Structures are given as structure tokens and as C-alpha cells.
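Protein chains in written order, with the working numbering: chain A, 1 to 193; chain B, 194 to 415.
These are calculated hints, taken from the structure and not from any lab test.
Some clues are possibly wrong.
[Claimed, not checked] Below, simulated DMTMM-like cross-link-like pairs (lysine to aspartate or glutamate); rule was C-alpha separation at most 25 Å, straight line: (1) A/Lys122 <-> B/Glu229; (2) A/Lys6 <-> B/Glu277; (3) B/Lys314 <-> A/Glu3; (4) B/Lys259 <-> A/Glu3; (5) A/Lys63 <-> A/Asp156; (6) A/Lys83 <-> A/Glu30; (7) A/Lys179 <-> A/Glu70; (8) A/Lys133 <-> B/Glu368; (9) A/Lys133 <-> B/Glu361; (10) B/Lys207 <-> B/Glu309; (11) A/Lys83 <-> A/Glu187; (12) A/Lys133 <-> B/Glu309; (13) A/Lys122 <-> B/Glu368; (14) A/Lys63 <-> A/Asp81; (15) A/Lys179 <-> A/Asp158; (16) A/Lys63 <-> A/Glu187; (17) A/Lys63 <-> A/Asp182; (18) A/Lys179 <-> A/Asp156; (19) A/Lys94 <-> B/Glu368; (20) A/Lys122 <-> B/Glu309; (21) A/Lys26 <-> B/Glu277.
[Claimed, not checked] From the structure, some residues in chain A lie toward chain B, with a derived Cβ separation under 10 Å: (22) Cys15; (23) Val41; (24) Asp52; (25) Lys151; (26) Ala152.
Everything numeric in this text was worked out from a predicted model, so none of it was measured.
C-beta: ideal position from N, C-alpha, C; glycine also.
The primary structure of each chain is shown beneath.
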Amino acid sequence: MKEMIKMMVVLSVICGLSGLTLAALKNATEARIEEQVLTYVQAPSLTQVLHDYDNNPIKDRKKFARPGAEDEITLFPAMKDGKLTGLAFEIFGKGYGGNIGVMVGFDTASGNLSGIGITTMKETPGIGARIAKHGFTSQFKGLSPGRARLKAHNGDIDAIAGATISSTGTVTAVQEAAKLFDALKPEIAKTWP
Amino acid sequence: MNKLWKEFSKGLWKDLPPFKLVLGLCPVLAVTSTAENGFGMGMAVIFVLTLSNLLVSLVRNLIPAKVRIACFIVIAASLVVAVELLMQAYVYPLYQQLGIFVPLIVVNCIILGRAEAFASKNPPLPAIADGLGMGIGFTMSLTFLGGLREFFGHGQLFGHHVAWAGFEPVSFMAEAPGAFVSLGLLLCAMNYFTNLQRKRKGLAPIDGPTHDCGSCGACGSK
Numbered sequence: 001m002k003e004m005i006k007m008m009v010v011l012s013v014i015c016g017l018s019g020l021t022l023a024a025l026k027n028a029t030e031a032r033i034e035e036q037v038l039t040y041v042q043a044p045s046l047t048q049v050l051h052d053y054d055n056n057p058i059k060d061r062k063k064f065a066r067p068g069a070e071d072e073i074t075l076f077p078a079m080k081d082g083k084l085t086g087l088a089f090e091i092f093g094k095g096y097g098g099n100i101g102v103m104v105g106f107d108t109a110s111g112n113l114s115g116i117g118i119t120t121m122k123e124t125p126g127i128g129a130r131i132a133k134h135g136f137t138s139q140f141k142g143l144s145p146g147r148a149r150l151k152a153h154n155g156d157i158d159a160i161a162g163a164t165i166s167s168t169g170t171v172t173a174v175q176e177a178a179k180l181f182d183a184l185k186p187e188i189a190k191t192w193p
Numbered sequence: 194m195n196k197l198w199k200e201f202s203k204g205l206w207k208d209l210p211p212f213k214l215v216l217g218l219c220p221v222l223a224v225t226s227t228a229e230n231g232f233g234m235g236m237a238v239i240f241v242l243t244l245s246n247l248l249v250s251l252v253r254n255l256i257p258a259k260v261r262i263a264c265f266i267v268i269a270a271s272l273v274v275a276v277e278l279l280m281q282a283y284v285y286p287l288y289q290q291l292g293i294f295v296p297l298i299v300v301n302c303i304i305l306g307r308a309e310a311f312a313s314k315n316p317p318l319p320a321i322a323d324g325l326g327m328g329i330g331f332t333m334s335l336t337f338l339g340g341l342r343e344f345f346g347h348g349q350l351f352g353h354h355v356a357w358a359g360f361e362p363v364s365f366m367a368e369a370p371g372a373f374v375s376l377g378l379l380l381c382a383m384n385y386f387t388n389l390q391r392k393r394k395g396l397a398p399i400d401g402p403t404h405d406c407g408s409c410g411a412c413g414s415k
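Please model the entire structure based on the sequences and the hints provided.
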């Protein structure tokens, strides 16, 4: 009995101490980690998809509730002289090796795509991974969302040879982003007039 | 001092973790696609292994034998989470490269193996020496294997082009199957040299990697 109590006490104390230390460490690093994620994952693609702005889209980011879903989505606004010119957010599509993160930018005046960029993906190197290359992503620039489909589905996008799943995943993500953009339009107009 | 050096240096060659003990192969295979990744993973392991050896050795007399494994794992897991948070905060690109294999250090056999076989039976100083030695040996092995695969797979070393003009990279080496092939060939070469060494000393050759029970002790035999 005495041994059992000792076992419980020792294990609980060790677990408690670890928990406390880790909680303190997490608090201490949290702000820095968020900043690092934004700089390394989202910032590079943000500069690809947003054009013509004089604010800092990462600093001005704002969370919105996703219509029809529980979670939130972070929107990055591009503003010039205090007026909203473009908007970007990250959305996920199904790829060949897990989710593909696509940063989709919209031109708010025309509603057209201002560009897309790949943030995270685990596609096959040399095949599916080519979706992150300029040759594929630049096709989306300036397209109206309705045309941003693969050529096989009456769109304007050339799929990557041998990487149908990765190409389709990206295009699906863009389509979903367009839907979300439409749904969020009233809210966006309220937040950034 | 002599004893400390002995504990430290055994991890560098005699009990070299991946190639002589053949322990911790999961990260060895998975993250060695480039020398830099191998090095980064090795650094994380040095940190966790040294500190876990120290902590385990400090509390070795307090822990009841029946829950020792659970205690070791809690200690290792906390250290690994700490490493993960610190990597995210300060070297995010490396964290992106290593991905899931950082949390998996918890179940790396080397950590638990050293805690159980060495740190739980020795005072803190030798335990630190052992952890550092094993960690550095692990890092060297990973960096070497990573460098090999990076060179043949991309013609680069630590991200710099080193191959001669006209070198055709064998991209197979940089992908998963290449890890198995190059590890197999390396083990083969290691065994060849071990036997060559033994032959020179007039000892009978051995098949397969050597290690005495002192480096494992899982079955309880001495």
C-alpha cells in the first residue's frame, strides 16, 4: 500500500512539474511562434497574391467566422490610401500527399483573382510539387473565379502533366475560396469600407 | 575524468547509436534527405538526450522501480515539447523541414534506452557525458548519411553545389527508398571495417553489429 502511494505521488509530482514548465514555456514563446508562422508560411505567398498596397496586410489581419462552419478564417486586407483594394486568405484543398494550403488573393473592385500562392503542401517532389511553381500559379492571375477551372472542365487552367490530383486540389481550393469570398462580402464591406 | 571521457567517447565510435547499436532508425531513415536536416535533428536529439539523462539521473533514487518507464517517458516528452516550442519560435524553417519527426523524438529508442540502461544507474556527471557522447555520435551519423544522400541526390552539400560539371543527380537517393539503400550499404561498410579491425588484432570476425548487454539491458541480464 505504501509503495503504491509513493508511486502515485512521484508520478503525479513529475507530471505536474512538467506541465507547469511547459505551460510557462508556451506562454513565453507563443507570440514569437505566431509571428514566425506568419513570416515563413504566409508572408511569402501574400506578396505574390496581393498587389498595389501600402499597408501591412499581416499586421491588419482580422479573423472572420466562416459561414456554415464552426471555425474562423483569417483575412489579410490590402489597402491603398485607406481604401481596400484586395483581400487574401488561406484555404485548403485535398492533394496527393495531404492538404494543400493555397493563399488566394482577390481584387475587391472587379472580384477577379489577383493571384494564388501555395503555402504548405506535401506533394511528390518534381511532379505534384510543381503546383507551387510560377508556371502553374501565375495562370490564375486576373482570371474571373468562374474561369479558374481546369481546361478539362471548360476553364482556363492548364493542369500539370502527371499531377492531376494536385492540380485539381488546387483548383478546388480556389473555387471554394471564391464561394467564401462571395459569402463574406457584406461583412468585409462593413469592416473595411 | 578518465571515466567521464570513456562514457563520452563510447558514443562516438564503439557504441555509435545508429550504426553500431542500430537504435533510433526511424529518424535516421526519415530526415536524412539533406545534411542540414540530419544535423538539425541531431542537435534536437543532443539537447533532449543530455537533459533527459541528467534529469533521470537526478531523480533515479526517488522513482519507484515499477513506474520508472512512465517517469522516463514523461521527462523525455516534456523536453521534446520544449524543443518543439523553441524550434518553432527561433528556427522555424528547420522545424518545417523536420515536421513530425521532432515530436517523434519521444519514442526514439535512444532516449529511453540511455535513460534505462545508463542514466538510471549512474550519477549525474557520467550520465551527462553519456548523453552528450551518444547525441554527438547520433548527430555525426545523421549528418554523414544526410550528406551522402544530398550529394548523390542533388549534387549538393549543406545546400551548396559541390558536384563537378556534368554530374547527373540520382534523385532516387534523396527519396525514401534511397534512405534504406544507403543505410544498408553504410551498415555493410561499417561491419566490413569492424571485422577488418578485429582481424588485425587477431580476433575472430563477427557477423552483424556488435554491442554488449551494457548498452541495452532491456532483458535484465548483465
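Hint numbers not upheld by this structure, sorted from lowest to highest = Result: hints 2, 5, 6, 12, 20, 24, 25, 26 break, sorted rising.
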